[in-house]
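Line by line, the protein sequences are chains A and B.
Start counting the first sequence at 10; every next residue gets the next number (this note's numbering).
Start counting the second sequence at 971; every next residue gets the next number (this note's numbering).
Hints are computed from structural coordinates only; laboratory data are not their basis.
Hints are all accurate, no fakes.
Keeping only pairs whose Cα atoms sit at most 27 Å apart, straight-line, the calculated DSS-like set for lysine-lysine is:
| hint | chain 1 | residue 1 | chain 2 | residue 2 |
| --- | --- | --- | --- | --- |
| 1 | A | 15 | A | 52 |
| 2 | A | 51 | A | 18 |
| 3 | B | 1053 | A | 79 |
| 4 | A | 210 | A | 165 |
| 5 | A | 165 | B | 1148 |
| 6 | A | 165 | B | 1151 |
| 7 | A | 51 | B | 1151 |
| 8 | A | 201 | A | 15 |
| 9 | B | 1148 | A | 51 |
| 10 | A | 256 | B | 1151 |
| 11 | A | 79 | B | 1037 |
| 12 | B | 1151 | A | 15 |
| 13 | A | 52 | B | 1148 |
| 14 | B | 998 | B | 1053 |
| 15 | A | 15 | B | 1148 |
| 16 | A | 79 | B | 991 |
| 17 | A | 79 | B | 986 |
| 18 | B | 991 | B | 1037 |
| 19 | B | 1148 | A | 212 |
| 20 | B | 998 | A | 79 |
| 21 | B | 998 | B | 1037 |
| 22 | B | 1024 | A | 79 |
| 23 | A | 18 | B | 1151 |
| 24 | A | 52 | B | 1151 |
| 25 | B | 1151 | A | 212 |
| 26 | B | 1037 | B | 986 |
| 27 | A | 210 | B | 1148 |
| 28 | A | 212 | A | 15 |
| 29 | A | 18 | A | 212 |
| 30 | B | 1148 | A | 18 |
Simulated coverage check for chain B against chain A, where a stretch passes if three residues somewhere in it have a Cβ under 8 Å from a Cβ of chain A:
| hint | segment |
| --- | --- |
| 31 | 986 to 1000 |
| 32 | 1003 to 1013 |
| 33 | 1136 to 1146 |
Even glycine gets a Cβ: it sits at the ideal position worked out from N, Cα and C.
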Amino acid sequence: MNGCYKFRKLFTDALYNELDPAAREWFEEHRNSCSLCAEEFKKATAALAAMDERTLREPDESYWESYWDKLESRLPEAHDAPSIWGSSIQRLRHAISFNPRPLINVAAGIALIAVGVLAGRISMLSDPVLVQESAADYFQQEILADRIDNYIDRTKIILSSISNIDLATDDLFILDLPGQRRVSRDLIEEAKYIREELAAKDKDNLLDLVLDLQMALLWIGNIDQENPMNGLLLVRSGIEQNDLLMKITFNELERMSQRGAFSINQ
Amino acid sequence: MADERELIESIRSGEKQSFRKLVERYQKDVYRLALNMTGSHHDAEDISQDVFIKAYRSVHSFRGDSKLGTWLYRVTINTCIDKRKKKSVSALEFHESECMDTGAEFYCRGNIPRAPDAVYEKNEINRHVERAITALSPRERSVFVLRHYHNMQVREVADVLVVSTGTVKSLLYRAVRKLQKELAFYEKEI
Chain A
10 MNGCYKFRKL FTDALYNELD PAAREWFEEH RNSCSLCAEE FKKATAALAA
60 MDERTLREPD ESYWESYWDK LESRLPEAHD APSIWGSSIQ RLRHAISFNP
110 RPLINVAAGI ALIAVGVLAG RISMLSDPVL VQESAADYFQ QEILADRIDN
160 YIDRTKIILS SISNIDLATD DLFILDLPGQ RRVSRDLIEE AKYIREELAA
210 KDKDNLLDLV LDLQMALLWI GNIDQENPMN GLLLVRSGIE QNDLLMKITF
260 NELERMSQRG AFSINQ
Chain B
971 MADERELIES IRSGEKQSFR KLVERYQKDV YRLALNMTGS HHDAEDISQD
1021 VFIKAYRSVH SFRGDSKLGT WLYRVTINTC IDKRKKKSVS ALEFHESECM
1071 DTGAEFYCRG NIPRAPDAVY EKNEINRHVE RAITALSPRE RSVFVLRHYH
1121 NMQVREVADV LVVSTGTVKS LLYRAVRKLQ KELAFYEKEI
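Can you build the whole structure from these sequences, using the hints too?
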C-alpha cells in the first residue's frame, strides 16, 4: 500500500521524465512488482501519446504581419488608458451615480458571511501541513477508490461466469476453475485490505458489499477441483440468495452517478 | 529582467511603440496558449487580442514580482476561462461548428471533405483528443496545457496559476486520469 501511494506521488513526474535517478530506480522497481500500478502507468502513457497527436494549425507569417495593426485599432488612446487614481475615481463616480443604500445593506450582509467563510478557509489553506495532508488524503482516497472498483469489477466477472454457465450441458473446462480459484484467493487478500480501510472511514454499505463478495470468493476458493459440481451449485445459490450481482449493479450505478454520468448537463 | 522593467516603464509613460515591442515578443506564445486552451483559431485570435488590451490597460498594476511572460500567461488563462463561462453553447458543440484542421487543409462544417484515409484517421484522432480535453475542468485543462503543450515545469505552472506545486501535481494527476479514461480506446493501438 505504501509503495502504491508513493508510486502515485511520483506518477506525473515519471510521466514527464523528471524523476531523479534514485526515485526513477525505485519507481521502476515498484512498477515491475505491482501489476495494478504498472497497468495504470501504461494507460497514462498511452493517453499522453494520444494527446501528442493533437494537431492545431497555427497561422502563417502573413497573419502576424497584420496582427499589430488589428490590435492597435482596438487599443484605447494613451490618455484613455486608466491610471491607478483614474480608475479608482471612475469606480467611485460610478458607485455614487445611483442610490446604493439597499444594495449596500444586502452586500454588507453577504460580505460578512463570505469573509467569515473565507477567513476559515484561508487559515486552513495557509497552513502548509494541512495543505500537504489534504493532498496526501486525496491521493490515498483515489488509490482506495481504484482498488475497490477493481476488486468489484474482477469479482463480478468471476461470479457472472459461474452464474451463466449451464451446469447440465456446458463443459466445466470453459470455466477454468484453477484460474478462478487463484484469482479468487488474490481478491480475498485484496478484500482484507479494503475492509480495513473502509471500516476506518465509516462506509458501511460499501463495506457490506465487499464482505459479501469476499464470502462468495471464499466459496469459490474452496471448490473441490476433483468434484466441483457441488461447490459450484453452492456458489450459485449463494449468489442468487444474496442478490450479489444485483448489489454489484447498484454499486456500478452509484459510481456512475458520483462521477456525473447522470448529470443533466451531460 | 532589467530589459523587461525598462519596457514596462516605457509603456507606462505612454510609449505605444514599446507596447508594440511587447506584443511582438509575446504574441505567438499568447496565441498558442489560447489555441491550446480553446482548440479554436477564432477564439484564440479574440482572446489573444483581449489579453493585450487588458495588459495595456493594467500595465500600471504589474508589480514585477513575476516575469512579464508569466503575467501574460496568467491573463491568458483567466481570459480563456472567462470566455468559456460566457459561452452559452457547450464546448463540444462549439468545436463541431468551427472550421476543422485536418492536418492537410481546413474545412468547415457542412463541407464534405475529400480527404484521403490517413487524413481522415488523423482528423478522427484529433476529434477524440479535443473531446477528451473538453472533459477536463478549466483548472485541470490549464495545468495540463501548460505542462504538456508548453513544456513548463511544475514550478512555472504554479507561478502562472498562483497555486502551490502540490496543487499543480494533484490537478495534473487528475487531468491525466480523466484523459486516460476518455482515450481508453487508444491504448490498444499503441
